[in-house]
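For reference, the chains in residue letters:
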Amino acid sequence: NAGVTQTPKFQVLKTGQSMTLQCAQDMNHNSMYWYRQDPGMGLRLIYYSASEGTTDKGEVPNGYNVSRLNKREFSLRLESAAPSQTSVYFCASRTGYSGAEAFFGQGTRLTVV
Amino acid sequence: DAKTTQPNSMESNEEEPVHLPCNHSTISGTDYIHWYRQLPSQGPEYVIHGLTSNVNNRMASLAIAEDRKSSTLILHRATLRDAAVYYCILRDFNSGYALNFGKGTSLLVTP
Numbered sequence: 001n002a003g004v005t006q007t008p009k010f011q012v013l014k015t016g017q018s019m020t021l022q023c024a025q026d027m028n029h030n031s032m033y034w035y036r037q038d039p040g041m042g043l044r045l046i047y048y049s050a051s052e053g054t055t056d057k058g059e060v061p062n063g064y065n066v067s068r069l070n071k072r073e074f075s076l077r078l079e080s081a082a083p084s085q086t087s088v089y090f091c092a093s094r095t096g097y098s099g100a101e102a103f104f105g106q107g108t109r110l111t112v113v
Numbered sequence: 001d002a003k004t005t006q007p008n009s010m011e012s013n014e015e016e017p018v019h020l021p022c023n024h025s026t027i028s029g030t031d032y033i034h035w036y037r038q039l040p041s042q043g044p045e046y047v048i049h050g051l052t053s054n055v056n057n058r059m060a061s062l063a064i065a066e067d068r069k070s071s072t073l074i075l076h077r078a079t080l081r082d083a084a085v086y087y088c089i090l091r092d093f094n095s096g097y098a099l100n101f102g103k104g105t106s107l108l109v110t111p
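Line by line, the protein sequences are chains A and B.
Using the working numbering, read the first sequence as starting at 1 and increasing by one per residue.
Using the working numbering, read the second sequence as starting at 1 and increasing by one per residue.
Rather than coming from a laboratory, the hints here were simulated on the basis of the structure.
Here are some chain A residues pointing at chain B (derived, C-beta under 8 Å): (1) Gly42; (2) Leu45; (3) Phe104.
EDC-like mimics (lysine to aspartate or glutamate), calculated; alpha carbons at most 20 Å apart, straight line: (4) B:Lys103 to A:Glu59; (5) A:Lys57 to B:Asp92; (6) B:Lys103 to B:Asp82; (7) B:Lys3 to B:Asp92; (8) A:Lys9 to B:Glu45; (9) A:Lys57 to A:Glu79; (10) B:Lys3 to B:Asp67; (11) A:Lys9 to A:Glu73; (12) B:Lys103 to A:Asp38; (13) A:Lys71 to A:Glu52; (14) B:Lys3 to A:Glu59.
Derived contacts from chain B toward chain A, CB cut-off under 7 Å, selection only: (15) Gly43; (16) Pro44; (17) Gly102.
We treat Cβ as the ideally placed atom computed from N, Cα and C, and that holds for glycine.
All chains, full assembly: derive it from the sequences and hints.
Spelled out as structure tokens, the structure:
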């Protein structure tokens, strides 16, 4: 049971470099989400996709772009990485039903130097 | 979404029950109460959720006050594996938005 898979698990970038974080789910979920978690903090929503073909900004979208490639995949792109984007990034998915359980990936630990 | 208030940290002895409180005095009638936990170096995982009635599952029980302004997550016998940050989150029944995490309660379980 794969669930939500994130790649890569670790990444070090230099300031100004770009990269894409990949997320895929195999549960046929409609909704997918990207969060970031800074040390000692709770998770903050970056972007979400309520259904295939739609994306919306969350609490902290600046410096990021997303693509809902298909129902399974939701990618997060950093166009020009900054040290302030050093964080752990989590992808999540759920069916879309408001009471439904959300499933999270194991996270991508990103360091920008 | 309405806000929740949780203690920053709690401590429990292994094999004893743990009651994790959450206050949500501005809860609306269509808000579900969700609990998630995050083990060290892992993504959050679902624990339980409810709307009005108390709920039980294999992981925990959720006790919801009659006026719904507070709730309590109950771990019946804490194990060392239950040491985690526990998040109490409200989600509107009609909302398509994601879960909004606060700082949660850090639970320490001692042998």
